[in-house]
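J.: Chain order of the listed sequences is B and R.
Quick note: the first sequence, position 338, residue 338 per my numbering, numbers continuous.
Quick note: the second sequence, position 206, residue 206 per my numbering, numbers continuous.
Heads up, none of these hints are tricks.
Facing chain B, a subset of chain R residues (Cβ under 10 Å, in silico):
#	residue
1	GLY40
2	HIS64
3	VAL73
4	ILE74
5	PHE83
6	GLU305
7	ASP306
8	TYR317
9	ASN321
10	PHE327
11	ARG329
Simulated from the structure, these hints should not be mistaken for lab results.
All C-beta atoms, glycine included, are put in the ideal place defined by N, C-alpha and C.
2 protein chains.
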Amino acid sequence: MIKPVFYQKSTFGNGGRTGLLNTRRGEITTPTFMQDGTRGVVKSLTAEQVKSTGVDIVLANTYHLHLQPGEKVIQKLGGLHEFGKWRGPILTDSGGFQVFSLSKLRKITEEGVTFKHPVTGEMRLITPESSMQIQIALGSDMIVAFDHLTGLDEKSIKDTQEAFDRTHRWLERCIAEFKKLTKDMKSSERPLLFGVVQGGLDLDLRKKSLELVQASDVGGIAIGGLSVGEPQAEMFKVLEALAPLYDPKRPHFLLGVGAPADLRFAYEHGIDMADCVLPTRNARHGSVWGANDQQINLTNAQYAEDPSPIMEGCDCYTCANGYSKGFLRHQFKVSEPLAGSLCSIHNLRYLQRICESYRVDKQG
Amino acid sequence: MIKPVFYQKSTFGNGGRTGLLNTRRGEITTPTFMQDGTRGVVKSLTAEQVKSTGVDIVLANTYHLHLQPGEKVIQKLGGLHEFGKWRGPILTDSGGFQVFSLSKLRKITEEGVTFKHPVTGEMRLITPESSMQIQIALGSDMIVAFDHLTGLDEKSIKDTQEAFDRTHRWLERCIAEFKKLTKDMKSSERPLLFGVVQGGLDLDLRKKSLELVQASDVGGIAIGGLSVGEPQAEMFKVLEALAPLYDPKRPHFLLGVGAPADLRFAYEHGIDMADCVLPTRNARHGSVWGANDQQINLTNAQYAEDPSPIMEGCDCYTCANGYSKGFLRHQFKVSEPLAGSLCSIHNLRYLQRICESYRVDKQG
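With the sequences and hints as input, model every part of the structure.
T.: Printed below as a string of structure tokens:
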């Protein structure tokens, strides 16, 4: 068994907790939100700008980086950290979510998933083994097992059960490959492997899946297949059902969740880490969070002459410097990319304050 | 006569000089390059990022800001400095260049220029008086007289002569309107008005124009209508002809020049200030300056696996942090705006070093 990497400091809510997560690139305080940097960097922001929001970890997408420029190129350029100049920990996902949600002509077999390269058109195969190889080659500090995702278009119980069974067979193959690839590393050099809990919205399958993942030789527990279009109440039921069952010695990572209310519920039910593309994607389209999670669309005409910042009292770079809604609206209207950068900074800081509110209030 | 705002410190070359320019927002060392911030900000960069390159003044485009969002909106949002958070001096151009180069259905009369609004389609009129009003309303620290530009499509001597005559009639109207608008300001609060020297490539007309502008009650001398498509040698001839004739007590501003070799020639022939959109426009398309002004196109396949920075020894943020050509190429290929920001920073810094080389070497 991998030595524990998580130290629980205090608890709150219905399984919520603050803690310290050890990574090979330093210690992280949880709960934490990891911004997605799909192409190896958080879109339109320098590493310093990301850091200024309080973000400690970023997530890079294995699928995108594998296809362009490819892990071999990134290796030649010194690995993911040297590539995008983010010096803190980086987590890579397995590529599974994108293979299932973005790629065309995909075919799932026991070996893996075959799909069409969206740029070159050639057929590609990602297997549990190759996902591990790619993530290790990228130089990721935390890597995720390759799983069979359901919930996007396969709704039947049979499909969920099949995907569930395959996910767990693939987990064993991921662990075997991970051990092979990291056998010459000292434990301090080894990335952290997360197993993925699946099971759709079936609470019994979810519990069984968590049990199987926790019985496996993985360093972290990831919850996949949520926030993929199901009603919020359904997602909350799954999180509630799992909350009492987590191994406290390992970090609990919820994949693909970034809406403030969802994050609060997750953190209050035992989740330590979450990631999403939402804050920066919304920001680039002019959508920012105001007081009480209010969604503000800055492109609306009502803000044309508004001299106030996005959110009074906000300590993000954008609000603290007094950039007005009127200015931001104008820059969006004339397609000036600075507006997206400034709003990304705000949205990231907004979520980090949610994380910090749990860390401060609960640590006493 | 307006009190002198320029103090000449040392001379070099064929009329080149270093000096101090007093603006109502502080003192600027010359020679200087002013980056164009067309929409009120330098594209894709925060004010801090611009400042980090050594840029002291930015230029905003009256034409663009007048049309969107309009000077009234910018006034309501606190003026140009409050709008884009650039706290240093801002120079606005007259709008003339854009009216002549960008707008459709334009009609030139003695009153001014009528043109079609590119977004709403309505007809608009800019006159020498309204150009002054708009620039003062924007809150600009240095404003430029509205002139009749030639050289874009009017090539005949007659047209040049006509434009020349009109430019000087319009200059008197600009000065009268400027005095009216600023009569209640203390001299320390008053923006600086530049008259514009025209005359195409006709050296006699150019000299005559400079004489007329310098005989006028303006604080600065601007050279317009160059770098509009003519051969470099022709531009150099004009700059050489004017070099011995400048009033040393006023700043000499060359409009629309930003290529390194052109800037060096200009600075060595009495130019104190220049502006251009080139550094950031090139950068957003992957074109950056390397050693000896070499133009590097980062989107070329040859840079795909190149771990070296744009330019060894460059002290810009991008090179000093070691962002590789391979990384930048990838980000351009996947349309990530961060690449344009990082390359803009490099190109701006490249030009600032040219300015600094004259200031340091010659002040000794």
